[in-house]
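Novice: For reference, the chains in residue letters:
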Amino acid sequence: MSFAEIVRFALRGIGANKLRSALTMLGILIGVAAVILLVAVGNGSAQAITTRIEALGTNTLTVMSTSRGSGGLTPRVAEALDDPVLAPDVRSVSPVVSAPATLTYEGAEHEVTSFVGTTPAWFTASNSPVATGSVFSAEDESQARRVVVIGKTVAEEMFPGTDPVGAQVTVGGALFTVVGVLKEKSSAGFQDAGDTAVAPISAVRQVLAGYGGLSSILVEAAGSGRVDVARSEVATILDERLGAGAYRIQNASQLLETRTETAGTFTALLGAVAAISLLVGGIGITNIMLVTVTERTREIGIRKALGAPRRVILTQFLVEATLLSVIGGGLGVAAAVIGSRFSIVGVRPVIVPSSVLLALGVSVLIGLFFGGLPAARAARLRPIDALRYE
Amino acid sequence: MSATRPVLDVRSLTKVYGEGETTVRALDGVSFQVERGEYLAIMGSSGSGKSTLMNILGCLDAPTAGTYLLDGVDVSRLSDVQLALARNRLIGFVFQAYNLIPRTSAVANVELPLAYAGMRATERRRRAMFALDLVGLADRAELQPNQLSGGQQQRVAVARALVTEPALLLADEPTGNLDSHATEEVLSVLDDLNAAGRTIVLISHEEEVGARADRLIKLFDGRIVADSRQAPVGRHSAAGMVR
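Going down the list, the protein sequences come from chains G and D. The first sequence begins at 1 in the UniProt record's numbering and counts up one residue at a time. The second sequence begins at 1 in the UniProt record's numbering and counts up one residue at a time.
The shape of chain D in the complex, shown without the other chains (with noise of 0.2 Å):
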């Protein structure tokens, strides 16, 4: 892995849903780079295409056009088997919705990316709970999501999305769910996440969440109608402190 590759390498990025006159570009030629380290939120309004982006950089679904080098690989190219282990190693994936497998402890939750990964039963549990430490919940690993508030839900599936170290970060309307102090809990941690040096790259269509990463894109009909550097507001005090 060279240091000046790009994390995340996109170019013309088509998505096309439906056929003949019920055609919708999703995605209309986007084009962008996160390098390193950066906390890239993208912003849009619900229809511009925003979600599908991340879908494609998720390797949660294949563009119609376009390449995409994830970490300078091609994902195209890469196979069923190959993609399973780029979702496992190299993304770490959280939703808006949360998706933590039902009925299944927080800490099992946690430890599932490193059961696909093969590592062994109690390496897995001491990461896990490593993990679960990080955002602030290893006191509720083994209560079952439906015995989590929202914001504990995100945290433990943001604990789930950083357990394998993954290179990039992806967070899907991660607040969308939540309430003002949930949104901050779990936005304080994506905050620490950043400055320990993890790339993140975010989606939201609320601006005060925008205005915490250090980079904007906007999305308007599936096309980016900006791209700029910003100084981050709002962010979590402790930010920079940890480790």
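Bound conformation, chain G alone (with noise of 0.2 Å):
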């Protein structure tokens, strides 16, 4: 009997018992489409997480004072980080003060959580090209001239529809000339990264924050992966000026490692959850399998009086459970592609490959045992002992 016969006759199988195929075609769809999904969405977060950190820039050390007073970090010990012979390291030191502020423009007023004063390194260092206009220049900055790069947010909040470039702004009293929008840029967290505004330090320091400490200093290291050199050439040069324990410093990158590593315990937390509904899918193949066992059983009993070899019918009924799981995971897997289009709980879901041969290997293995495992047993057993099983 030919192989082509042989899937003819597992076809037939397979048509003659409608209700039951659809079923079990069903459980494994189910399960498939549940792995690939959840897996898809999980990892779709991390990498949503990934970017936004990305985002913030992940060659960039952030100094901070431990004391509250800030007294430690002052523009000197910038300076002193900026040092190419300590510090070769560092491609740039950008000093950081920033207040609360409330900008005003023809009677609209705007707070913004943090007026920044800074240099013009900073923003390259911290990854906020401008969208529109310009940034402010070094020699804006030694001039303290007041002039002001303002977020995206609040460029719509305070001037909406119009171009807000050469606009005058009022802050603590003093007018500032908006020279740049930034680019919108997606923030991390909860803090809002367009409500921001962004000014020459001098001037900062004039109307605002006045000659204390700095809030932050900001140090781009020369490449990504100098990240780990600079900071340590960085605190050498800060132990010296401050002491150990006066600062604190902060990586982007380090805070992506972490962020990653939850996002990867989120996903194999879901995995867990889909690799769970693909079990108990394939506990439902079997059970319809096994339920169909005595059955099919009677029915090869009947096969082989009339004459089919035993390898025949092992192959038909191992060809019928392929075919079910097979197709089943195939539909599965075409569910997932197409629901991995929309977005789940605002997550884009993004596929990983291996998750499809994982659920489809693992549906196709449950479906080819228990298939076969009952129909290879009842193939064995002689005839009269096939047709009376109970």
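You may find that some hints are simply not true.
Claimed, not checked - Computed, partial: chain G to chain D, Cβ under 8 Å:
# : residue
1 : 302
2 : 306
3 : 383
4 : 384
Claimed, not checked - Derived, one-sided and incomplete: chain G residues facing chain D with beta-carbon distance under 7 Å:
#  : residue
5  : 1
6  : 16
7  : 299
8  : 305
9  : 307
10 : 308
11 : 309
12 : 382
Don't read these hints as lab results, they were simulated from the structure. All residues carry an ideal CB built from backbone N, CA and C; glycine is no exception.
Need the complex rebuilt from these two chains, each delivered in its own frame; the hints are there to steer you.
Specialist: This is how it looks when you write it as structure tokens:
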């Protein structure tokens, strides 16, 4: 008996029990789709977090004072860090002062949580380019010119529909000219990264912050691979100037690692839930297959009595089980691919290829095992025992 | 195949079920021969071992002791594949419970043994239709077993048993589940087949079914108590006229 003939027999077997076949395939479909989709959601959220953190700039270090009075960090300390001999892996150093402030323009008021004073290097270091207008220059900074770059949110709030560049806003009783608007930036956490304004540090100190210590110092490393070296160089200089323990160095890539780990845990958790659903689906398949064993065993008995060789019977039932699980699994993959086009709980799922292989592999194995095993056992029986099977 | 060799040659066949104290000797040294073209009825009350004997004759079960030559070949020496071949080519088996494959059309059921014999689909269909025609069910070929009456199902089963043109047709209580009308339908088909030269071995506990055969073996407690030739009674009137 040719293989094509056996396949035709298997197809007829599937068609003869449409409801049972459909239920079996549905079980596999749901299991496979759940695994792929849930892992894709976990993966998608992990990727979203990663891109957000990468937007912060991963090759920067933020130096902050640990003492409340912020007496430690001074512009002189910031200058000391910009030392090509002691700190060759530092590309730029931006001293930062920030204070809450209220911006006023033609009667419209807007409060920003951080009015930032810094140097032009900050824009590249913090990965905050302007969308319209330009950043202020080093000369603006040295002359303490009152110019300001405002964030996207501020621009939308205070200048709805108009170009803010060239307008004059009042901050702390002084007039600042808007020279640029920052490009929109995805925010990490709950703070709106667009709700900010950036001006030359000299001007901000004059008008708002006074001549006390700096809020922080933003250090840009020469490359993402040299962040750790830059960190130890900065630490050496700071230890000498301020003493160990007076400051704290934060690194965005550290943050990234932590978040990625969290996201990994999240994905693993979702994967576990999905695996359980696959398992439950698998048990469902097993159940359906086992329930039909009695009927199928009798059928095998009849076929043997009519002279079917064991090999032919085995092949037929294996092909049946394989077709059911492969079709069910394929439909599950299709369902998952379609499902991943929609965002689920605010996350755009990104399918992990290995999860597709795993889910498909497991479901096919379950189908083969529990479809094939009882058939194999029945095919070994004497025809009379198979016929009398209860 | 020599003409003198018996189709069936059974020598001191014994079948024991169970072990120890619960041992049951279903068959206890049964010997007989069946010549080509014979119509043999095996009768006995329930528990006399007739079904056990039938299952062994059909190669569905193996005896505990004794030899069974089917068409001159010792069945106990056959491998699994050869046994499948013997069931397929040499034996047509009709069960009391019909044993058609459910949710499969009558003609597909009849085709099944031919498919296992490796016959091409078109030739298979032609022969299956011919066999169905022989039992008078050509117009019911596409119906499924649950759409057929008991007598019709059993006739489909007979068609399936004879479609490979086996040397031997074995029928295990073929009318056990049928009413008198359906019994007559099935038995007349068997009469016609025997008249056409087919060897038939039939099991029954009904006297009128046994009366149709031209040889009667009576079993009691696993032993043959009577083996007699008889003039068949009540055969289908058309018997001997087909072919």
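Novice: Using Cβ atoms only, decide whether residue 306 of chain G comes closer than 8 Å to chain D, and label the hint accordingly.
Specialist: 5 Å, holds
Novice: Go through the hint on residue 1 of chain G and say holds or violated, using the shortest Cβ distance to chain D against 7 Å.
Specialist: 5 Å, holds
Novice: Does residue 302 of chain G meet its interface restraint, that is, does its C-beta lie within less than 8 Å of any C-beta in chain D?
Specialist: 5 Å, holds
Novice: Double-check residue 16 of chain G for me: the hint is only fine if its C-beta lies closer than 7 Å to a C-beta in chain D.
Specialist: Status holds, d = 4 Å.
Novice: For the restraint on residue 305 of chain G, tell me whether the closest CB of chain D is nearer than 7 Å.
Specialist: 6 Å, holds
Novice: Does the nearest C-beta of chain D fall within a distance shorter than 7 Å of the C-beta of residue 309 of chain G?
Specialist: 4 Å, holds
Novice: Does residue 308 of chain G hold up as a contact with chain D if the rule is Cβ-Cβ below 7 Å?
Specialist: 5 Å, holds
Novice: Could you check if residue 383 of chain G really has its C-beta closer than 8 Å to a C-beta on chain D?
Specialist: 4 Å, holds
Novice: Less than 7 Å between beta-carbons is the criterion; does residue 299 of chain G satisfy it with respect to chain D?
Specialist: Because about 6 Å separates residue 299 of chain G from the closest Cβ in chain D, which is inside the 7 Å limit, the hint holds.
Novice: May I ask you to test the interface hint for residue 384 of chain G with respect to chain D, counting a Cβ-Cβ separation under 8 Å as satisfied?
Specialist: 4 Å, holds
Novice: Hey, does the residue 382 of chain G contact hint survive, CB to chain D under 7 Å?
Specialist: 6 Å, holds
Novice: Holds or violated: is there a CB of chain D closer than 7 Å to the CB of residue 307 of chain G?
Specialist: 2 Å, holds
Violation of the numbered hints given earlier is absent; every hint is satisfied by the structure.
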